[in-house]
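Protein chains: 2
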Amino acid sequence: MSNYHINNTPLDEMFKALSNPHRLELFYRLMNCCSPGTKCGVEEERFCVGELGEGMNIAPSTLSHHLKELHRAGLIQMERRGKNVECWLEPSVLTELSAFFKV
Amino acid sequence: MSNYHINNTPLDEMFKALSNPHRLELFYRLMNCCSPGTKCGVEEERFCVGELGEGMNIAPSTLSHHLKELHRAGLIQMERRGKNVECWLEPSVLTELSAFFKV
DNA sequence: TCTATAATTCGAAATATGTCGAATTATCAT
DNA sequence: ATGATAATTCGACATATTTCGAATTATAGA
Chain A
0 MSNYHINNTP LDEMFKALSN PHRLELFYRL MNCCSPGTKC GVEEERFCVG ELGEGMNIAP
60 STLSHHLKEL HRAGLIQMER RGKNVECWLE PSVLTELSAF FKV
Chain B
0 MSNYHINNTP LDEMFKALSN PHRLELFYRL MNCCSPGTKC GVEEERFCVG ELGEGMNIAP
60 STLSHHLKEL HRAGLIQMER RGKNVECWLE PSVLTELSAF FKV
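One line per chain: the protein sequences are A and B, in this order. FYI, the numbering for the first sequence is 0 to 102, going by numbering that gives the first Met the number 0. FYI, the numbering for the second sequence is 0 to 102, going by numbering that gives the first Met the number 0.
If you're looking for bench data, these hints aren't it; they were derived computationally from the structure. Nothing here was measured: the structure is a model prediction, and the numbers come from that model. Take these hints with a grain of salt, some might be off.
Short derived list, chain A residues pointing at chain B, Cβ under 7 Å [to be verified]: (1) F14; (2) K15; (3) L17; (4) P20; (5) L23; (6) L93; (7) S97; (8) K101; (9) V102.
Straight-line distance between alpha carbons at most 30 Å, and here's what the computed DSS-like set of lysine-lysine pairs gives [said to hold, decoys possible]: (10) B/K101 <-> A/K15; (11) B/K67 <-> B/K82; (12) B/K15 <-> A/K101.
Even for Gly, the Cβ is constructed at its ideal location relative to N, Cα and C.
Between the sequences and the hints, there should be enough to build the whole structure, so can you do that?
Quick look at the structure:
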């Protein structure tokens, strides 16, 4: 049986986390803000939960739930800073996912 | 909104197809048989449905269902040859999925 | 044409997921 | 302390998914 893991998370759980359109959108937003040289490289400018969900038309509780799923799957990082909780993405996750599909 | 598609399939549907352990296993088996130079490069030696599911302990109807899902998501190819239905994987799918995660 | 094999379709049942609103917790500013 | 803002937890409900067995279809061979 395939037992492929990335950072101790079974790969199918990672894909499950990415299999919902809202969650994929959230992940995608973090992808496009955390590239080296752009926004989230700088710690002070990470997205907080509320910002991340802007324009997505989902309840705050749903947003929270989705981000927790992404976090549980090891896809994103979360950390409270004051009233906000900041989210970001470790580039190594992208590298390893990319490598999985590498021909 | 993220509208990332690969071959006309929304990316979240591809990940949904890969989000089930059995389906991921099936996909993985095809990945490890269709690399250039190995098995499935040669048309005569592609896996058929029954072979692909060997040892997975799922009913034939379940196996069929899962492969259909992978096919609907554009992840694998299927074609009847006699009594069997052959399955294989186009390398371009791997390339594009890998590219999505490329930092 | 009849039989065996490979695979699919169908219907049903159990389980999981996505979503919301209400209540709660955490933190900051006054 | 009190109030305001950000986020989470909880419970409920509707919908989707996974799985099976039985019935069906497709094909090859005797």
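Status of each hint after checking the structure:
1. F14: Status holds, d = 4 Å.
2. K15: Holds. Min distance 4 Å.
3. L17: 4 Å, holds
4. P20: Check passed: Cβ of A/P20 comes within 5 Å of chain B, closer than 7 Å.
5. L23: Interface hint status for A/L23: holds (5 Å vs cutoff 7 Å).
6. L93: 5 Å, holds
7. S97: Holds. Min distance 4 Å.
8. K101: 5 Å, holds
9. V102: Check passed: Cβ of A/V102 comes within 5 Å of chain B, closer than 7 Å.
10. B/K101 <-> A/K15: Roughly 19 Å separates the two Cα atoms, so the pair holds.
11. B/K67 <-> B/K82: Given pair B/K67, B/K82 holds - Cα atoms ~17 Å apart, limit 30 Å.
12. B/K15 <-> A/K101: Holds - the C-alpha atoms of A/K101 and B/K15 are around 19 Å apart, at most 30 Å.
Hint check: no violations occur; every hint is consistent with the structure.
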